[in-house]
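> Sequence:
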Amino acid sequence: MSFLRNVWYAAAWGSEVKVGALFQRTLLNEPVVFFRDSHGAAQAIADRCPHRFAPLGMGVLKGDAVRCPYHGLEFDGSGSCVHYPHGDGAIPRAAKVKAYPLVERYSLLWIWMGDMSLADATLIPDFSCMDGDHWYVGKRYLHAKANYVLETDNIMDLSHIEFLHPSTLGGDGVKGALTSVLEEGNTVWSNRQTVAEGLAEQQATAINQPFHDEDLPMLEAQQRMMGDKSFWDLKPVLLIGDAGAIRARRVLDRLIAAEQQASAQ
Numbered sequence: 001m002s003f004l005r006n007v008w009y010a011a012a013w014g015s016e017v018k019v020g021a022l023f024q025r026t027l028l029n030e031p032v033v034f035f036r037d038s039h040g041a042a043q044a045i046a047d048r049c050p051h052r053f054a055p056l057g058m059g060v061l062k063g064d065a066v067r068c069p070y071h072g073l074e075f076d077g078s079g080s081c082v083h084y085p086h087g088d089g090a091i092p093r094a095a096k097v098k099a100y101p102l103v104e105r106y107s108l109l110w111i112w113m114g115d116m117s118l119a120d121a122t123l124i125p126d127f128s129c130m131d132g133d134h135w136y137v138g139k140r141y142l143h144a145k146a147n148y149v150l151e152t153d154n155i156m157d158l159s160h161i162e163f164l165h166p167s168t169l170g171g172d173g174v175k176g177a178l179t180s181v182l183e184e185g186n187t188v189w190s191n192r193q194t195v196a197e198g199l200a201e202q203q204a205t206a207i208n209q210p211f212h213d214e215d216l217p218m219l220e221a222q223q224r225m226m227g228d229k230s231f232w233d234l235k236p237v238l239l240i241g242d243a244g245a246i247r248a249r250r251v252l253d254r255l256i257a258a259e260q261q262a263s264a265q
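Per UniProt numbering, the sequence shown starts with residue 1, numbered consecutively.
Hints listed in this document are in silico derivations from the structure and should not be mistaken for laboratory results. Where a beta carbon is used, it is the ideal one built from N, C-alpha and C, also for glycine. Where hints are given, some of them may not hold.
List of simulated lysine to aspartate or glutamate pairs, DMTMM-like, C-alpha gap at most 20 Å [as the list claims (entries may be wrong)]:
id: 1; residue 1: K235; residue 2: D253
id: 2; residue 1: K235; residue 2: E151
id: 3; residue 1: K229; residue 2: D213
The calculated label-pair distances, taken between Cβ atoms and stated as ranges, are [to be verified]:
id: 4; residue 1: E184; residue 2: H71; range: 48 to 58 Å
id: 5; residue 1: P166; residue 2: A264; range: 27 to 37 Å
id: 6; residue 1: A258; residue 2: P85; range: 22 to 32 Å
id: 7; residue 1: G87; residue 2: F231; range: 49 to 59 Å
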C-alpha cells in the first residue's frame with residue numbers, strides 16, 4: 001500500500017505517552033515506540049532492535065534511552081545505541097534505529113514519517129482549538145480495520161447519514177441538503193451545515209454511537225468486500241454526493257505520485 005509520507009501525522013494524544021513508560025503504535029505499516037526523556041520531551045524511534053529485531057517497546061525506559069528486552073542494548077531519542085552491555089562495551093557502528101521528527105502541539109504528538117530534511121513544523125495544521133482550557137475536548141480515537149481513505153470518503157460525503165444513521169444523525173432533510181465543496185490547494189472542504197456550539201461533553205459522548213456502532217461496521221464491511229483491490233480498479237459508480245470524497249482522493253493520489261516520482265530521481 002502506498003502512503004503519503006512527507007506530511008505530519010497525528011500519531012497519538014500527548015496524554016497517551018506517559019513519563020517513565022513506553023508506548024507502541026504502528027503507523028504507515030512501521031512499528032514505532034514513543035517515550036518521554038528526562039526533560040519530559042516526547043521521542044519516537046523505530047520499534048525494532050537492529051540486532052535480533054525484538055520490539056523495543058517490550059523493554060524498559062532507562063533514563064533517556066529504551067533498553068531492548070532481549071539483549072539489553074539501549075537506544076536514545078536520536079536512534080543511537082548509547083549502551084552496549086556485552087564484551088568491552090564498544091558499541092557496534094551499525095547499532096542504530098530510525099528516529100522520527102516529533103512535535104507535541106495542540107494536545108497531539110505529530111510525527112513525520114518521510115524525508116527528515118523536509119520536516120517543517122510550520123506545516124502542522126492549526127488545531128489550536130484542541131488546547132482549550134475552557135471547553136471539553138474528547139480525546140479518543142476509533143480503530144477501523146479498513147483502508148484509511150474509506151474513512152475520508154465517509155466523512156466527506158454526508159449523504160449516507162439518513163440511511164446508515166437513521167436513529168441517531170439521520171433525518172428527511174439530510175439527503176436533500178445542499179453541499180458546498182471547496183478545494184484550496186491540497187485541502188478539500190465538504191460542508192452541509194454549521195454545527196451548533198455549546199453542547200460540549202454531551203455532544204462528544206453522543207457522537208460515539210453513530211461512529212462506533214454504525215460507521216465502523218460499514219467501513220470494515222466495505223474493506224472485506226474490496227479485499228486487496230484498489231478503489232479505482234473496482235470502477236465505482238459515482239453519485240452526486242461524491243464530489244468532496246472524490247476530490248480528496250484525487251488530491252491524495254496526486255501527492256503520493258509526486259512524492260514517489262521525486263524519491264525515484
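> All hints, please: hold or fail.
Hint check:
| no. | hint | result |
| --- | --- | --- |
| 1 | K235 / D253 | 16 Å, holds |
| 2 | K235 / E151 | 18 Å, holds |
| 3 | K229 / D213 | 26 Å, violated |
| 4 | E184 / H71: 48 to 58 Å | 51 Å, holds |
| 5 | P166 / A264: 27 to 37 Å | 48 Å, violated |
| 6 | A258 / P85: 22 to 32 Å | 45 Å, violated |
| 7 | G87 / F231: 49 to 59 Å | 53 Å, holds |
The structure is inconsistent with the numbered hints 3, 5 and 6, although it conforms to all the rest.
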